[in-house]
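Novice: Each chain, letter by letter, is given below.
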Amino acid sequence: MEGSLKGAVDMLAGDELSLGLPGGDGAKLDFVRTGGKRGFSETEVNLKLDLNGKESPSVEKVKPADPAKPPPAKAQVVGWPPVRSYRKNVIANNNKNSSDQDQAGEKGGLSGATSSLTFVKVSMDGAPYLRKIELKMYKTYKELSDALGKMFGSFTTGNYEAHQGMIDFMNENKLKDLLNRSDYVSTYEDKDGDWMLVGDVPWEMFIASCKRLRIMKGSEAIGLAPRAMEKCKGRG
Amino acid sequence: MSENNHHLHHPQQNHFCPAETMSEDEEPSRPSPPPPELGSKKTRNCAAVHPSPHSDRVLEIVLEHVLQFLTASRDRNAASLVSKSWYRTEALTRSDVFIGNCYSVSPARVTTRFPRVRSVVIKGRPRFADFNLMPQNWGGHFGPWVATMGKAYPLLERVYLKRMSLTDRDLCLLADSFTKFKELVLVCCEGFGTSGLTAVVSKCRQLRVLDLSDTEVSYDGVDWISYFPEGETCLESLIFDCVECPINFEALESLVARSPALKKLRLNREVSIGQLYRLMVSAPNLTHLGTGAFGHPEPQDPNNQEMDYAAAFSACKSLVCLSGFREVMPDYLPAIYSVCANLTSLNLSYANIDVEQFKSVICQCFKLQILWVLDSVYDEGLQAVAATCRDLRELRVFPLNAQEDVEGPVSEVGLQAISEGCPKLESILYFCQRMTNAAVIAMSNNCPDLVVFRLCIMGRHQPDHITGAPMDEGFGAIVMNCKKLTRLAISGLLTDRAFAYIGMYGKLVRTLSVAFAGDSDTGLKYVLEGCPKLQKLEIRDSPFGDAALVSGLHHYYNMRFLWMSTCQLSRQGCQEVARALPRLSVELLSYEENEKMDDDTVDVLYMYRSLQGPRDDAPQFVTIL
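Read top to bottom, the protein sequences are chains A and B.
In terms of the UniProt record's numbering, the first sequence is numbered consecutively and its last residue is 236.
In terms of the UniProt record's numbering, the second sequence is numbered consecutively and its last residue is 625.
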């Protein structure tokens with residue numbers, strides 16, 4: 001057997017296949033070529049898989065093949081798990097005992113199969129990749145903060161100061177403190193193209209206007225603070 | 001015998017909604033027409049239009065009559081390849097056209113080749129669009145089709161659309177063009193409102209079937225139910241359980257009362273339990289019922305004491321398929337006990353009921369073949385299913401909480417139990433938070449008739465939670481042991497080994513769904529090179545790049561489509577495929593609505609074979625290479 005076909009057979013004909021198959025372990029792995037221009041023999045297959053031959057049950061967790069890949073962050077991802085929005089909404093509605101919370105997606109307004117995307121890119125200064133999240137997955141700033149913390153937590157050595165709700169704009173000093181203390185703060189680009197601190201506005205307004213998120217060092221965010229400061233002064 | 005017999009075949013049509021029950025590669029199952037007799041209406045398609053010598057003419061007539069026995073598209077496609085004469089005759093006698101991808105062929109081409117069509121099936125968007133992975137307004141418009149068919153097929157009787165966009169105007173045109181129109185089935189469609197429906201119900205006097213399963217209808221104030229014509233209707237099936245519009249109950253009640261042929265009625269959640277009661281009393285011959293809300297009676301419902309819900313159900317002696325329970329109050333569940341023993345289909349997937357409530361229902365459903373539930377029934381509930389429903393063919397377990405990293409009520413325990421109690425299982429969709437290879441292997445051994453196996457372990461990259469191993473061996477066993485398997489969806493921590501198994505053993509696999517799986521290009525190569533029947537391949541968030549993509553060049557013309565989103569493709573790689581295969585429409589979709597693709601990374605690749613060349617209705621975010 002040539003090239004990659006051999007590779008596949010090696011891989012599968014391994015040692016302990018705990019499949020309990022009829023036919024025993026001498027089973028012939030006859031690979032039928034699909035017919036057509038390319039077959040396994042013509043394909044360069046690079047089996048760089050770091051698999052143990054034995055699939056023996058072990059309690060030890062198996063790491064993903066590439067150790068350089070960071071463990072996946074468990075934040076909400078668009079379209080996962082693959083349940084249609086209509087179904088999710090109906091069940092979520094049924095779960096609520098009381099309807100005191102005025103949700104956008106209630107009777108008459110449930111989105112069906114084609115609800116609009118509101119996901120945004122999230123970048124963090126210094127992190128090697130971007131993430132994408134769907135803002136509608138979260139209901140509060142706290143939920144968003146927690147998710148971002150989990151997503152990018154591995155890249156920060158310092159504090160990721162989560163904004164727990166709306167920033168208190170009444171107190172200018174408190175804001176300055178916040179920015180000086182935190183290693184990182186979240187900022188976002190709104191519909192007008194301006195960069196704002198996350199936490200400015202009520203949640204609904206935020207998800208309606210947020211186009212992009214960026215987590216930057218607190219010290220850099222000071223430059224944004226004047227806008228926030230203006231708002232403070234405006235109310236004063 | 002056609003390959004269709006491999007798929008789920010329910011001659012009684014016990015499905016809840018065509019969208020979700022049938023595997024996508026199968027035509028909607030309809031009872032096959034009785035063999036035609038000479039001189040019957042069927043022979044209208046036999047009138048040959050081309051003159052030929054007498055003996056040839058006799059042969060052609062024979063051929064025409066013989067071909068009428070062929071109903072499946074695949075058989076007809078095969079027949080049309082025999083010779084020119086067969087091609088012509090087949091084209092003249094084909095009455096049912098199936099178009100799996102609306103952009104693979106132009107409407108004009110279809111109507112030119114098949115002049116005498118009575119029934120059309122057209123599918124639009126790919127399935128991943130259901131999960132917000134495709135930007136809005138991508139396409140799949142019914143407009144061009146109805147415009148062309150309106151002129152070419154005045155006698156059209158049936159339209160079945162899946163994942164298409166329709167406008168009110170399209171529906172008006174449909175209603176105006178087809179005087180003999182009988183069946184409209186819209187699955188996962190959108191774009192129109194109650195005005196469009198009004199046009200159809202008021203003008204199509206022979207309407208037998210109106211099925212709006214999972215279709216979004218916007219409410220524009222028009223009360224469409226009132227527009228059915230006065231007097232008796234031909235209605236056999238009225239399905240609007242997912243339509244989020246208020247319903248004029250008086251009009252509905254009157255409609256049901258004057259529809260003696262009505263067998264299938266699925267109500268939306270606007271219909272209260274009291275209203276349901278009244279409808280059931282006037283329609284005890286129903287075979288399929290969607291109960292609507294099934295919650296507390298509304299203020300407008302008559303006094304509770306007057307309603308013997310249990311009696312209403314008892315009176316429905318023909319009821320075999322029950323669904324609905326959209327806002328269920330479990331107190332009212334016992335009303336359905338009397339019909340449980342007759343049920344072959346039960347859909348509780350919108351009903352958040354607890355284990356005990358569920359068990360009290362399911363323990364009576366020993367004839368059940370199709371069951372859809374929420375995972376709120378726990379493993380214990382599934383064990384009860386296994387103990388009672390020995391005849392189960394299809395099971396779907398949906399998550400109450402569709403999130404990762406939450407405690408899941410069902411696990412490998414439930415799956416194992418089902419495999420042991422339901423050996424006739426053919427189709428399973430199972431959402432869970434934790435799973436083991438052992439349970440999946442057990443199912444592969446206990447349920448050899450599996451045609452559809454879809455396991456969704458909701459946490460991405462989750463291994464076997466007892467051994468910590470990847471889920472490769474479990475899925476490997478499925479493809480190895482389930483010899484009839486045509487549809488597979490994989491999840492959990494998966495290495496290239498899983499794909500090697502699929503490529504090696506999945507010789508009948510037609511539909512494969514992959515998410516967050518694999519290590520390298522090798523994985524995808526195994527599948528593209530090993531699965532000769534692969535028709536539909538949808539992949540998201542997996543590390544497959546250009547090298548893997550080009551390894552499938554030999555096969556892409558045989559496929560309905562390939563979807564790859566958030567993988568590692570580059571524009572260059574896709575360009576290479578487009579160049580090599582001119583009859584392939586290679587679409588690159590961008591998630592950034594305003595920016596055209598300036599960088600090299602590809603958000604979404606969606607490609608499909610097409611006779612018509614690049615479509616002209618592509619929105620801004622689509623680049624066709």
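It is worth saying that the hints were derived from the structure and are not from the lab.
Beta carbons: idealized from backbone N, C-alpha and C, even for Gly.
Treat each hint with caution, since some may be false.
Derived CB-CB ranges, DEER-like [claimed, not checked]:
1. B:P246 <-> A:S209: 26 to 36 Å
2. B:A618 <-> A:S209: 49 to 59 Å
3. A:K132 <-> B:I624: 19 to 29 Å
4. A:S209 <-> B:P614: 27 to 37 Å
5. A:K132 <-> B:Y219: 48 to 58 Å
6. A:K150 <-> B:H465: 47 to 57 Å
7. A:S209 <-> B:D308: 18 to 28 Å
8. B:P299 <-> A:A208: 29 to 39 Å
9. A:K132 <-> B:A618: 50 to 60 Å
10. A:A208 <-> B:F69: 38 to 48 Å
11. B:E592 <-> A:A127: 43 to 53 Å
12. B:A618 <-> A:S123: 39 to 49 Å
Derived DSS-like pairs (lysine-lysine); straight-line CA-CA distance at most 27 Å [unchecked claim]:
13. A:K191 <-> A:K139
14. B:K483 <-> B:K367
15. A:K150 <-> A:K217
16. B:K264 <-> B:K203
17. B:K483 <-> A:K88
18. B:K203 <-> A:K88
Covered by chain A, per the in silico footprint, the following chain B stretches (three or more residues, Cβ under 8 Å) [what the hints assert, rightly or not]:
19. 271-278
20. 380-391
Novice: Are the hints correct? Go through all of them and say.
Specialist: Hints and how they fare:
1. Checked against the given bound of 26 to 36 Å, the beta carbons of P246 of chain B and S209 of chain A, roughly 32 Å apart, stay inside it.
2. Hint check: A618 of chain B to S209 of chain A, Cβ distance near 29 Å, so the stated range 49 to 59 Å is violated.
3. The beta-carbon spacing between K132 of chain A and I624 of chain B, approximately 24 Å, falls within the hinted interval of 19 to 29 Å.
4. At roughly 36 Å, the beta-carbon separation of S209 of chain A and P614 of chain B lies within the given 27 to 37 Å, and the hint holds.
5. At roughly 33 Å, the beta-carbon separation of K132 of chain A and Y219 of chain B lies outside the given 48 to 58 Å, and the hint is violated.
6. For the hinted restraint 47 to 57 Å between K150 of chain A and H465 of chain B, the CB-CB distance of approximately 20 Å leaves it violated.
7. Distance hint check: the CB atoms of S209 of chain A and D308 of chain B are about 55 Å apart, inconsistent with the given range 18 to 28 Å.
8. About 36 Å separates the C-beta atoms of P299 of chain B and A208 of chain A, a value consistent with the hinted range of 29 to 39 Å.
9. Look at K132 of chain A against A618 of chain B: about 23 Å separates their beta carbons, and that is not inside 50 to 60 Å.
10. Separated by about 59 Å at the C-beta atoms, A208 of chain A and F69 of chain B break the suggested range of 38 to 48 Å.
11. About 20 Å separates the C-beta atoms of E592 of chain B and A127 of chain A, a value inconsistent with the hinted range of 43 to 53 Å.
12. The hinted range of 39 to 49 Å is not satisfied by A618 of chain B and S123 of chain A, whose Cβ atoms lie roughly 29 Å apart.
13. A C-alpha spacing of about 20 Å is found between K191 of chain A and K139 of chain A, which places the hinted pair at or below 27 Å, so the restraint holds.
14. Restraint check: the Cα-Cα separation between K483 of chain B and K367 of chain B comes to about 26 Å, which is no more than 27 Å; the hinted pair holds.
15. Taken as a hint, the K150 of chain A and K217 of chain A pair is honoured in the structure, with Cα atoms around 17 Å apart against an allowance of 27 Å.
16. Pair hint K264 of chain B plus K203 of chain B holds up; C-alpha atoms about 21 Å apart against a cutoff of 27 Å.
17. Simply put, K483 of chain B and K88 of chain A have alpha-carbon atoms about 34 Å apart, too far for the 27 Å limit, and the pair is violated.
18. With a C-alpha separation of about 36 Å, the suggested pairing of K203 of chain B with K88 of chain A is violated against the 27 Å cut-off.
19. Check result for the stretch 271-278 of chain B against chain A: violated, 0 residues qualifying (beta carbon to beta carbon below 8 Å, three or more required).
20. Here the stretch 380-391 of chain B counts 0 residues with a CB under 8 Å from a CB of chain A, which misses the bar of 3, and the coverage is violated.
When each numbered hint is compared with the structure, violations occur for hints 2, 5, 6, 7, 9, 10, 11, 12, 17, 18, 19 and 20.
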